[in-house]
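Residues 26 to 311 (the working numbering) are what the sequence shown spells out, left to right.
Hint data in this document are derived by calculation from the structure and do not stem from the laboratory.
Just so you know, not all the hints are guaranteed correct.
[Unchecked claim] The calculated label-pair distances, taken between Cβ atoms and stated as ranges, are:
(1) Gln97 / Ser125: 18 to 28 Å
(2) Ser161 / Asp51: 26 to 36 Å
(3) Ala157 / Gln97: 36 to 46 Å
(4) Asn284 / Lys87: 54 to 64 Å
(5) Val277 / Gly169: 36 to 46 Å
(6) Thr240 / Arg56: 36 to 46 Å
Virtual Cβ for every residue (Gly too), placed ideally from N, Cα, C.
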Amino acid sequence: MEQQRSFGSHTTGTLYLVPTPIGNLDDMTFRAVEILKTADLIAAEDTRHTQMLLNHFAITTKTISFHEHNTQMRIPELLTKLEAGQTIAQVSDAGMPSISDPGKELVHAAIERGVPVVPLPGANAATTALIASGLSPQPFLFYGFLPRKTGERQRILAKLATEPATLLFYESPHRVGKTLAAMLEAFGDRQAVLARELTKKFETFIRGTITELQTYAENELKGEFVIMVAGAPDKPVVKSAAPFKDQVAAIVATGAKPNAAIKLVAKQNGVAKQVVYDAYHDLDRA
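Sequences and hints are given; from them, build the entire structure.
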């Protein structure tokens, strides 16, 4: 066990984790500006992007690149500076460092070396979207970006299908439609919300069922998205498994393949594909 006292006398420098605005520069805190001004060095995900922020607040502190492609090379260099007594502020392009952005490896390495790690509160897209979503804010489960490979994405969503907490994901605009389709198959047609361009001029919330959001996603989309999905209900919506089995059997009798029939019945009843699959094959997963 180890205990860190963030403030006081230390033999090393301090690693500050500094959140930056997710869109609106007015969301930068006074404390964040002060830390960036007084730090010896700023480790930035993209130094060019961060420099625009620094220029806006008249911050002249030197920057060094620290991103997912140079993490292992940079960590020893940054640790040497910290152990020599320098203060380093780490920032990502937007929001909280380490949350779907670089940072966790440096934090772990600093802790291992006994370097104090001090987090600053600030902007975060997931929680900002959640409190205005209309979905239950407690409990919630933040996943971040889903895997891009179809099989891995389906495996993760299948695990989350019975999670009662509100589910939060990040997604890029060109993948929102595919992700919603995968969620519909795994979760059934639950209530969900899309949040885009948070804190910016065109901030938008789209609330409805997953199917309705799919219709919206057929348009050309811009901006980063937060996808929020209602958690699994306490009791399954299914009245009994028998009707599902009968519905699938009736469709199969017309010449359709079982998997296609299962998918269709799941969509028609607004339930997860796995529920119908289990019913058709008489599987009890309880």
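Going through the hints against the structure:
| no. | hint | verdict |
| --- | --- | --- |
| 1 | Gln97 / Ser125: 18 to 28 Å | holds, 19 Å |
| 2 | Ser161 / Asp51: 26 to 36 Å | holds, 29 Å |
| 3 | Ala157 / Gln97: 36 to 46 Å | holds, 38 Å |
| 4 | Asn284 / Lys87: 54 to 64 Å | holds, 58 Å |
| 5 | Val277 / Gly169: 36 to 46 Å | holds, 39 Å |
| 6 | Thr240 / Arg56: 36 to 46 Å | holds, 43 Å |
In this structure, every one of the numbered hints holds.
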